[in-house]
Structures are given as C-alpha cells and as structure tokens.
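> Residue-level listing of the chains:
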Amino acid sequence: MKKLFYLLIFTTVIAASSCKKDNYKAPGSTLKGRLVYKGDPIGVEYNQVPFELYQSGFGKVGPIGASFDQDGNYSALLFDGNYRFTIPAGQGPFMWKERATGGRDTIAITVNGDQTMNIEVTPYYMIRSPQMAASGGKVNATFNIEKVVTDANAKGIERVNLYINKTQFVSGADNIASAEMAGSSITSMNNLSMSVTIPTISPTQNYVFARIGIKIAGVEDMIFSPVQKIQF
Amino acid sequence: MNKIFKITMAAVLLTAASCKKDSSFLDVPPTQVLTNDVVFSDPALALSVLANLYDRQVDFSNFDDGWRSFADFSESFPSENGSYYIVQRNGWDYAEWNIWDYGYIRDLNLFIQRLNASNGLAASDKTRFIAEARFLRANYYFEMVKRMGGVPLITEPLEYDYSGNVTNLQKPRAKESDIYDFVISEAEAIKGQLPVNANEKSRASAGAALAMEARAAVYAGSIAKYGATTPQVSLPGNEVGIPASMANGYYTKALTAAQAIINGSAGSYALYKVLPDLSDNFAAIFLDKSSVNQETIFIEDYKVNSGRVHSFTVNDQPFSISDEGYDAGRLNPSLNLVESFEKLDNTFAPLPTKDASGNPIFYNNQLDIFAGRDARLAGTVLLPNALFKGKRTDIFAGYLLADNSILSSNEAGSLKPLPGTTTPVQVVGKDGIVNGLELRSQTGFYIRKYLDPQEGSGRRGRRSDVPLVRYRYAEVLLNAAEAAFELGQAPLAATYMNQVRSRAGLTTPLAAGDITFDRIVHERRVELAFEGHILFDMKRWRLAHIVWDGNPMSVTDLVSNIGSAKKRNTQPWGLWPYKYYNPASPNNGKWLFRETLPGPVTGANRFQFGNYYSMITGDITAANPKIVKQPNQ
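If you read the protein sequences in the order shown, they are chains S and U.
Numbering-wise, the UniProt record's numbering puts 22 at position 22 of the first sequence, and it's gapless, one number per residue.
Numbering-wise, the UniProt record's numbering puts 525 at position 525 of the second sequence, and it's gapless, one number per residue.
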C-alpha cells in the first residue's frame, strides 16, 4: 500500500515537472519561390539543381541545402532571421552572378513570416511557345529556341530531347520514350519540330506527360519547357 | 610496559615510512600503459604499433568492407534483398566514397617522429620501420587524392597550444598535383630503404613502393591529359585538376618506375604461369600464397583459425554448392562485363544468341557459347555449368517450349511435368534464375575471382583466408603500357600489353598500330575486374560521366560497340540460359540464351560532374574555413 503511494507521488512529480517546455519552437516561416527569367518560369530536372541557404551568427557556418523541383519551384521552412541564398557552382542550366573577387554571389534575404521570392537567373537558352499534341500514336511538338546568352559566355546546344513519361515526372532519367535532335542539325531556331512514338503502356492509360529539354554543351543540367499532360 | 613498547614501535615505523618523498610515493610506473621509450626501444613492440597502422589502410574494394564493396558500376548485380538499392538508384550522392582520416595521418606522423627520436633500436630496424610508415602515409594520401583531389598535406604531427586560437592548425588544400608529387617523391625516397624481396608481400617492399609510384604517376598523367576535356571539373587554385602541360612528365615517371620493377631491380617479379589451364591459372593468382606466386607484389593477408578471416566466399559461393544454407550467391557479374572479354582472334563480339535472321542459336552445352574467348573470362566469372569444388553450377531460367512459351517456376530447383508428360522434372536451376530471388544468380553468372576452393571456406565458422591483392605485376605491365602509349612509344606499349594478353591465351600479338586508347581502357577493365580499379580509372580518364550517363540501356546498346571506351554501362544485364523442349525438333534438349535485364534493376547509373571529387562535408569546411569546396557541388 505504502509502496503504491510512493509510486504515485513519484509519477505525479515527474508528470508535473515535464510540463515545462524543453525545446525550441519548430521553424515556422515559409520561404518559397521559383526560378524565373524575366518573369518566365524555368524548368529543370527534379532533384538535380540544388540551392543553399546560409545563416551566420550561430557558430559554425554550414549550408541549409535543398533542391528545386522540376517546375523550378523551391521552398524552405525557416526561422525568422537573415539568410543568404546561393546556388552552388556548376549547377543549373543558367548563369549565376560571380563576385569580382571570385566565388558565387549570394542574395540577402530577410525572413520575417511567410514570403515568396522568385530567383532571377540568366539561362543560356529558353524554349519558347512549345506546342504539343498527340496524333497517330505519336506526340508531336513544335517550339522555338531563344538564345539568351550571346556574349563570350555563350554555349552551344549539344542536343534537344522530347521526353514522354506515364507519370508527371519527365526527364532524362524518368521517361518511357524520347526523341533526340543533335545540336549540329539545328539550322534555324524557329519552328523546330520533333515527334516521338508512344510505346505500349501497361497498365493502359490514355494520356502521357511530355516536355522538351535542351542539353547545353558543357553544362550538366538540362533546361526544360513546362510539363504538359497530353490525352490521346 | 609492554603496551608502551608496542605504541612506540608503531610510531617509529610510521615515522620511518613517511620519510619517503610524497612525489616519489605518487609516481608509480603504470603497468598497463607502454610508454614511448619502452615501445620504441623494442623492435617487436614497434612492429606491433606498425601492424595497427598497416591494418588501417583503406582500399576501395576489400574483404573487410564486405562483398558490397565489389559490387556496383554495372559490372555486377547484387543478388540480396537488402542491396537492390545499388541497381535502383539513379546515381551517387556527392559525398559517396569520401575519406578524411587525419587521425590516421597523425598516428603515422607521430610514429615517424617517435622513431626518429628513439635510440634503443638497431639502425636497420629503425630505417625499415620509418620507410614502411612513410609508405603507408604516401599510400593513404594517394587514396585521398584519388577520391578528394588536393587535400591539406600534413607531414608533421600538429600540436594545439591551448591558446584558444586554432588558425595555425587550419591548413588549406594543396594542389592535386602536389599530392601526387608527394606520393611519387616519397616512393623514390624510401625504395632503397625497403627490402628488395619478391616474397615480402604483406609488408611494404621496394616493389610495392615502385608499384605505388607507377600507379600514382599514371593517374596524375591521365588527369592532366584527359582533365582538359572536362574544364568544369577543376578549381582555379588547382586543388582539383592538373595542368595539361604536366602530363608527359608524369607519364615518364610512371614508365621509369614500372620499368624498375620489370627489369628486376626490385625483386624477381613475373607473371603467374603455373597451371596448364589458363583460366584456372588466372584464378590461382589470387589464391596462391606460396613463393611460386611471383606476381603479387603487395597484399592484405588473412589466416584461417587466427580470427583474421573474411566472408567473401561465404557470401558469394554458388547457392547449390554452398557450405552454408542460405548464405551464397550475392555478387553476380553482369553480361556487360562478360561480353567485353575478347575472342581469341583479338576481336570483340557479343555472345551469339541469335543468328542473322533472328532465330535462337542452340548449344549442346551451356559452356559452348563462351568457347574461344579470353581465358580470363572463365578465370574471373563462374559461368553456367562451370566447375567449383568439384561440382557444376546449375543455372537456367526455365524451359522454352515448342509454342515459344516458357515453362518456369518462382522457386529455384522446383519440379513440374513438361507438356505431354506426367513425370515432374526440374524446370529452373538450383542456382536460379528467378527474377528477384536473392542469393542465387540473377544474371546467369557468379564471381570466381577470390572465390576460395578450399574445403570449408564457405562455412561461417571457418571462412576464407584468400588474400586481397593490392598491387600485382600484371597491373605494373599495364601501367607501363599506358604510359608508353601516351608518350608515343606504341611498340613498347604493345610489348608490355602482349605479355599480359598471352598469359590469358590471346597468343596473336597486337601490333604497335593496334594499341589505341580504347585498347588500354579495355585491357584494364578485363584484367583488373573486381580489383577496385573501375571507378578510379573511369574518373581519371574523365569517362565516368560518359559511360554512366543515366540513360537506361537497351539490348541494342548492350550488344553494340563492345570494346569502345565510351560504351554506355548504366545497368547490369544478364544472360539467361533456357533449355529447349520440343521432342519433334532436332534441337530438343539443347540450350539457348536470352539477354535479360534482371527485374530488380530499375535505376540507371548517372555520374555527375559533382561526383568526380567526393564532397568535403560541412563539418570539415565549418571547422576549417580555408578548405575550398569541390567543383560542381
């Protein structure tokens, strides 16, 4: 009986002392946005283009890293405070400002509550007015290419791909069929057309997702047009 | 009276005992800790410290890290449920393969410093121990530079002065070429202090130092030369990347070092040519630890019943010949690798599964399809119906029936009646092939290299003592051939390469004009398969992002361009044997083969520019701001 009493006291004391908060609040401010060039969204491959956020003033400095999704969106859940945003060297199908002293430039961001900030970059190329439709068991696409960077940093086109997939993730790694056009065979940047045969899909479905990607010579990540769902 | 006497005596005794100084009373020599003076005045104790340093060497593919360190890169398929991630991922994390063990470097530096300060050792012991520690240090820096590029070059133990300021301990990364230069100069410096003895295999010898130097120089030369094709993979301070102008200097050093071994000045090394069957002979290079084996130069040795054994044979033995129930068959070489072994007329060809009109080709024996190929194929890979421990492997995927349907089962070795009969017969091999059935072959092949034919080697209680070969003479010849080729001495390159090839049964020599870059790449791939070279070779030739480009492989990809250095190699394919059942046909009971992608393979390897040099993680860069980040990360 007495033992039980002590046990009761003991648990009450533990329970009471646990009421005190023992941890920080979880980060609650969302920073989000997307990659844009003059307001036009830039598509990339899912999980392949990383970005980094740095917050200094708390001892050792390390990046908070994540990557863009395939539509070029990003988001991060952060504490309020001052951050610097950057994209690591050699990542993304676009140019990022370099500092005169060398190294990548950073964008200063003050996070105070939820906020949206688009990341303005200079892509080497843009895919303009892509039109995609299915006919005769094929997906046909027409589009124009705009060469954005024309100065000393300009790069050639290695190849252009039209990818289709049965899910909404469409890229070189995720596709069921693709058509390829070598960069050397492009004579005009306007009214380009490509088509790809839709293979048998199991289980059957009457739609595919498609998009066009440009592989820029010497740049690892491809730049993509927006994903379209195509019924057939 | 008596009482007073006793008290006095006690007082006297106490006083007398207290006369000892307090400091000497407290200063008791420890009985469990060996001091530096003790250790470094006894050769046996110093050697035992050195043994610990030997044991901490890092190898890419090695037995202590298990069979999985031999898998990957589409050269093999992992037949184990927990390891399918290797073929289901689409690439590698940037941090993969990174090492940064400066604790080991510090221990090596301390060992050298303390030996230098000691007086109690014979001069010959002291010289040899120091040379061995310098060899291990250079070898570890070589391992780091292969994975990380230039790293801080620390050759003295660093001491913290408790001032609260650590900036004097924060060292920046050296240039990539500086680390290679360090490895080469250390090898040059110690080669004369190490024993010239081809039978000294598990401790550093002059041959080991020279073999390390040749390999390091050939790596540096190729990074200088082929790094020019990937300017993205470099840093402005050359912490990553070597200027192209340095290529010839490195190749010359590589050739000189390799020739020092070839001309016998480092000991009587030679290719292993003992057994009459060339495939058995090739397999025996890795099994024979006697003095007959003059090919191995530096090995990691094991010994049965000593506790120092490994599980390679337990994990990878054929399931039907296993000594241990349900512990077998994990490492399955891929068809990609198997078909790259040449025919005996020095040409490349896919394994003939179909004739010109697309009909299957039938074989009386499963081994017939592999006939007339490089003997290293059967020495590296355990083919279907091949012998191991006196038994034959039993690998087939099912029966092909007259109506072109397949009679098979989801259970290895299960029995079913054939159409028109009632007696059940075995319809799948005891070693598979069933898609997704682990521990049996899922490509049609098992590994043979390092597989121990000793009785009991497959038992968990005994395990195996086959040594890991770190440096061997054939690789020295190939390094010499590569260096000679890059220096424009193709006839010399052909001489070296033909020695390796004729040992493998390729007796028609290659002419100087036949030696191409693709030939060099191919020869290393087949000779040194599963010896931990493929990743570093593909990296230094800057081929990794081309062969592992992330695109899935079709059958056409698989069977075309064999022997081309830039051939896609993103998914491990299998070659599945079927037995033909059609009593009306003359081919009844014969074998046919189909190229098949094992079911668990859903990913395709993609090697990104950021994978060329492994990530230096945030904890390191945060602790030392002088460390620059890797390119493309």
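For the record, the hints were derived by calculation from the structure and aren't laboratory data.
One or more of the hints may lead you astray.
[Stated by the list, open to error] Just a sample of chain U residues kept apart from chain S, beta carbon distances all over 10 Å, derived:
#1 Asp64
#2 Trp97
#3 Tyr102
#4 Leu121
#5 Gly164
#6 Glu188
#7 Ala244
#8 Gly358
#9 Ser408
#10 Ile562
#11 Phe609
#12 Asn632
[As the list claims (entries may be wrong)] DSS-like, lysine-lysine: derived pairs with alpha carbons at most 27 Å apart:
#13 Lys155(S) x Lys225(U)
#14 Lys215(S) x Lys97(S)
#15 Lys155(S) x Lys354(U)
#16 Lys97(S) x Lys354(U)
#17 Lys126(U) x Lys354(U)
#18 Lys215(S) x Lys629(U)
#19 Lys215(S) x Lys225(U)
[Stated by the list, open to error] Looking from chain U toward chain S, a few residues come up when the C-beta cut is under 7 Å (computed):
#20 Asn90
#21 Ala228
#22 Gln232
#23 Gly488
#24 Gln608
No experiment lies behind these values; they were computed from the predicted model shown.
Quick reminder that beta carbons are idealized off the backbone N, C-alpha and C, glycines included.
> Run every hint past the structure and note whether it holds.
Evaluation of the provided hints:
no. : hint                  : in the structure
1   : Asp64                 : holds, 31 Å
2   : Trp97                 : holds, 19 Å
3   : Tyr102                : holds, 18 Å
4   : Leu121                : holds, 43 Å
5   : Gly164                : holds, 15 Å
6   : Glu188                : holds, 36 Å
7   : Ala244                : holds, 17 Å
8   : Gly358                : holds, 20 Å
9   : Ser408                : holds, 20 Å
10  : Ile562                : holds, 23 Å
11  : Phe609                : violated, 5 Å
12  : Asn632                : violated, 3 Å
13  : Lys155(S) x Lys225(U) : holds, 23 Å
14  : Lys215(S) x Lys97(S)  : holds, 21 Å
15  : Lys155(S) x Lys354(U) : violated, 44 Å
16  : Lys97(S) x Lys354(U)  : violated, 56 Å
17  : Lys126(U) x Lys354(U) : violated, 65 Å
18  : Lys215(S) x Lys629(U) : holds, 25 Å
19  : Lys215(S) x Lys225(U) : holds, 25 Å
20  : Asn90                 : holds, 5 Å
21  : Ala228                : violated, 13 Å
22  : Gln232                : holds, 6 Å
23  : Gly488                : violated, 29 Å
24  : Gln608                : holds, 6 Å
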